[in-house]
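If you read the protein sequences in the order shown, they are chains A, B and C. Going by this note's numbering, the first residue of the first sequence is number 1, and it counts up by one from there. Going by this note's numbering, the first residue of the second sequence is number 1, and it counts up by one from there. Going by this note's numbering, the first residue of the third sequence is number 1, and it counts up by one from there.
It is worth saying that the hints were derived from the structure and are not from the lab. Since this is a predicted model, take the numbers as computed values, not measurements. Careful: at least some of the hints might be erroneous.
Straight-line C-alpha distance at most 20 Å; calculated EDC-like pairs for lysine to aspartate or glutamate [unchecked claim]:
1. A:LYS97 to A:GLU33
2. A:LYS97 to C:ASP63
3. A:LYS37 to C:ASP52
4. A:LYS37 to A:ASP103
5. B:LYS127 to C:ASP64
6. A:LYS77 to C:ASP25
7. A:LYS37 to C:ASP64
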Amino acid sequence: MYAYDEIDRTLVNERVSEFRDQVKRRLSGELTEDEFKILRLQNGVYLQLHAYMFRVAIPYGTLATNQLRALAHVARKYDRGYGHFTTRQNIQFNWIKLAELPDALADLAKVGIHAMQTSGNNMRNVTSDQWAGVAPGEIEDPRIWSELIRQHTTLHPEFSFLPRKFKIAITASDHDRAAIKIHDIGLRLIKNEKGETGFGVLVGGGLGRTPFIAKTIKHFVHGRDILSYIEAILRVYNQYGRRDNIYKARIKILVHELGTEKFSREVEEEWQHIRNSLLQIDDEVIEDIRSRFTYPAYEKLPHMPDELRQAAADRDFEAWRKNSVAPHKVQGYSIVTISLKPTGGPPGDATAEQMDALADLADKYSFGEIRVGHEQNLALPHVAKRDLPALWKSLDKLGLATPNVNLITDIIACPGLDYCSLANARSIPIAQELTRRFANHELANLIGRLHINISGCINACGHHHVGHIGILGVEKNGEEVYQITIGGRADESAALGNLIGPGVKFDEVADVVEDIVEAYLALRERPEELFIETVKRLGVEPFKERVYATR
Amino acid sequence: MPLVNGGKIVDDSFVKLAVDTPLPEGGDILVPAERFVSDADALLKRAGKVGVIWPNNRDIDELVPYLGKVAAVALVFPTFRDGRAYSQARLLRERYNYRGELRATGQILRDQFVFMLRAGFDSFEVKKQADAEAFMQTAKRYSVFYQPTGDGRVTALHRRMQLRHSEGVGT
Amino acid sequence: MTSPLEQKKIKIAGPSVVTANRTWDGIVVYRTAAKGWSADLSEAAIVRNSDDAKALLAESVADDVGAIGPYIAPVQVGEDGKIEPGNLREQIRRTGVTIGQPVQV
Ligand code: HEM
Ligand code: SF4
């Protein structure tokens with residue numbers, strides 16, 4: 001966990017007081033909405049269908065329990081008692097009043113939480129692997145670097161008015177849980193032959209209207225040079241990124257239009273000018289940041305405690321354990337994923353009571369730490385295995401032990417037409433219906449790993465392009481229609497899905513997904529062949545036939 | 001439109017010329033880039049200071065040969081959402097060591113002052129009188145800066161190192 | 001629903017209102033004939049031709065301190081004069097999300 005020092009705290013407080021002044025000027029009419037819009041966006045405030053929406057950053061997905069309680073407090077005091085965890089390690093509140101926002105921000109600032117740059121055309125929250133620091137086989141804790149980059153990109157005097165938003169993600173594991181290939185910059189932490197830390201740098205990924213998988217522009221940038229290298233990328237983008245058309249303004253379009261090679265040459269040239277500047281970071285600076293991340297004092301515990309052995313007889317516990325508990329780098333501990341996808345519930349929502357209760361559980365069982373991942377679930381990163389049965393019982397009481405992590409009902413969905421002013425169609429009710437259709441755990445388990453992603457419009461906040469099954473809401477003659485793709489994936493083998501055919505109506509979506517799943521169950525070569533592998537082997541055709549034969 | 005320079009509201013000694021305004025006899029002038037570039041020698045010979053208005057989509061390299069001779073460079077923010085001139089400003093100050101007046105023009109609100117100061121601007125054509133009057137107060141709004149830029153303010157990383165070392169000495 | 005935020009040319013096909021979100025708290029409001037805003041659709045000013053719609057929108061845009069993001073939205077007016085939203089989006093804006101909220105209010 002990163003502990004803010006006086007310097008970080010001062011900055012956040014200064015930001016809050018600036019925003020308080022801006023809100024005051026807005027409400028008095030001194031600032032027009034046109035002028036204010038970008039200022040509020042830079043502080044995480046959108047306008048939605050019903051109200052303002054407030055997006056708060058959870059840098060690299062790490063939360064302390066007092067921070068989670070502060071989020072619960074904001075949900076309760078300023079909103080309607082719940083929050084929505086997004087795919088980019090943020091939480092959103094849907095019913096905030098502008099006049100109260102400065103107070104909400106001030107309450108959050110007390111525990112070192114901010115909403116700076118969670119929207120707007122600037123550097124967004126730098127995300128990372130939600131298992132950072134605890135995943136076995138990780139090269140190094142990527143959050144040290146996320147934090148370094150977070151600081152560097154916060155209120156950046158040159159890059160706060162970019163052509164478009166800019167997202168960076170970092171992973172340090174072979175299995176990419178941070179979806180770096182769909183980010184503007186994806187950083188893969190690696191070691192060179194001398195054992196020095198550096199990064200493979202990917203640029204130009206993104207979804208939206210024109211999805212692109214990021215391309216590697218440099219195989220190794222030394223850690224000490226990472227800030228100057230990022231600065232070079234941003235400088236090229238700030239000057240040459242398109243500003244004439246918002247749909248062509250992301251860096252992915254610049255990279256595409258210039259070509260990866262020319263783009264990387266531009267960056268390289270700029271970088272040579274600035275790499276030996278104050279941006280070069282010495283080891284001491286890294287050490288200082290590292291020293292402010294604290295790690296638990298783990299106990300020496302057995303690999304297989306009695307408590308776990310005994311609980312294994314309980315089928316419900318086992319079902320949950322098999323799917324929610326992952327190996328930890330320290331023997332005797334586990335990483336526990338907490339599903340925010342209950343049957344019939346909106347994906348990613350948590351109530352203030354759940355947040356508070358979870359904070360208590362984290363204090364009791366996870367050294368006071370909670371993680372937020374891009375799948376809209378939470379995690380407790382340091383749970384002693386002997387505590388798993390007790391933790392499970394407590395989670396179950398809170399409605400937080402749905403054993404569906406990575407299964408078909410672990411759906412990623414954007415807010416869609418129920419909340420979002422840009423939406424063409426609803427997303428959440430589709431997700432809810434699907435979780436009811438596949439509520440039977442045996443069935444879901446039989447199907448195995450299958451990611452469904454739903455977006456309510458082409459902006460792709462629900463990452464539908466990279467869902468194993470992707471569902472995109474569009475509008476046709478005033479009606480909600482859904483286009484369905486299969487074969488996408490967001491991990492290290494990231495790929496975009498392919499359309500299976502014409503769009504289907506709201507009421508038909510769940511049936512179509514059932515058809516696709518039935519086709520898969522009939523077509524897979526063996527039970528271990530995952531949906532995504534079957535699609536890869538056979539292509540779209542057999543699924544298309546199955547779905548449209550009767551329609 | 002009030003001009004803020006050196007932290008105060010001041011009279012603007014420069015007159016802005018369009019591409020085709022006849023050249024005044026004396027006095028300080030700000031000339032659009034294309035006119036300046038096509039006629040630099042003549043312009044620079046006349047009495048009175050000469051500054052140039054440089055659009056944000058024109059390569060700054062082209063201006064570099066004249067930097068020792070112009071008295072002011074005015075960069076342009078067509079809207080405050082368009083941040084290209086921040087990069088131009090930093091390049092002028094930090095890479096090309098330009099030391100003359102660096103003026104921000106266009107849609108300039110108080111909410112950009114800190115960014116602009118950090119990028120190297122020292123003069124501001126402010127859209128609203130109230131913002132111009134609030135300049136000093138707004139400019140002091142922040143005391144913590146995470147990035148090193150040409151303005152030389154101590155960054156957070158640096159300050160931490162200083163703190164670390166002074167603690168080290170004490171113990 | 002194509003987002004009305006992308007509304008470019010103003011041409012209405014039937015009875016319409018101007019709707020927006022109130023600046024200080026963000027709630028959904030409708031422009032009234034008395035040149036104010038109301039949270040109650042039944043108090044909205046109804047326009048029936050493009051010129052009136054344009055005028056109502058222009059007046060609403062000018063009241064930037066009162067409400068933000070005004071646009072023209074279709075409504076249905078029943079025989080009893082009752083006003084109902086003209087599409088799903090506006091229905092949702094009026095009656096709230098179509099899903100159960102985690103916390104009932
Ligand atoms: C509710 C209000 C929201 C609005 C108005 C909104 C708007 C947008 C827009 C316009 C884009 C496309 C940007 C572009 O390609 O230039 C986008 C992308 C994205 N949104 Fe949202 N979004 C919202 C909520 C969410 C939520 C709740 C999530 C997570 C569950 C989310 C996650 C994302 C992600 C991951 C992208 C990235 C796709 C990419 O980078 O290409 N957004 N959003
Ligand atoms: S994908 Fe579209 S509908 Fe969904 S949240 Fe993003 S902008 Fe809104």
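Each hint, compared with the structure:
The suggested pairing of LYS97 of chain A with GLU33 of chain A holds, with an alpha-carbon distance near 15 Å, which does not exceed 20 Å. Taken as a hint, the LYS97 of chain A and ASP63 of chain C pair is honoured in the structure, with Cα atoms around 19 Å apart against an allowance of 20 Å. Distance hint between LYS37 of chain A and ASP52 of chain C is unfulfilled; the C-alpha atoms sit about 28 Å from each other, more than 20 Å. Note on LYS37 of chain A and ASP103 of chain A: the hinted pairing holds, with a Cα-Cα distance of about 19 Å set against a maximum of 20 Å.
Note on LYS127 of chain B and ASP64 of chain C: the hinted pairing holds, with a Cα-Cα distance of about 19 Å set against a maximum of 20 Å. Our distance criterion of 20 Å between C-alpha atoms is met by LYS77 of chain A and ASP25 of chain C, whose separation comes to about 14 Å. Pair hint LYS37 of chain A plus ASP64 of chain C holds up; C-alpha atoms about 12 Å apart against a cutoff of 20 Å.
Of the numbered hints given earlier, the model fails hint 3 alone.
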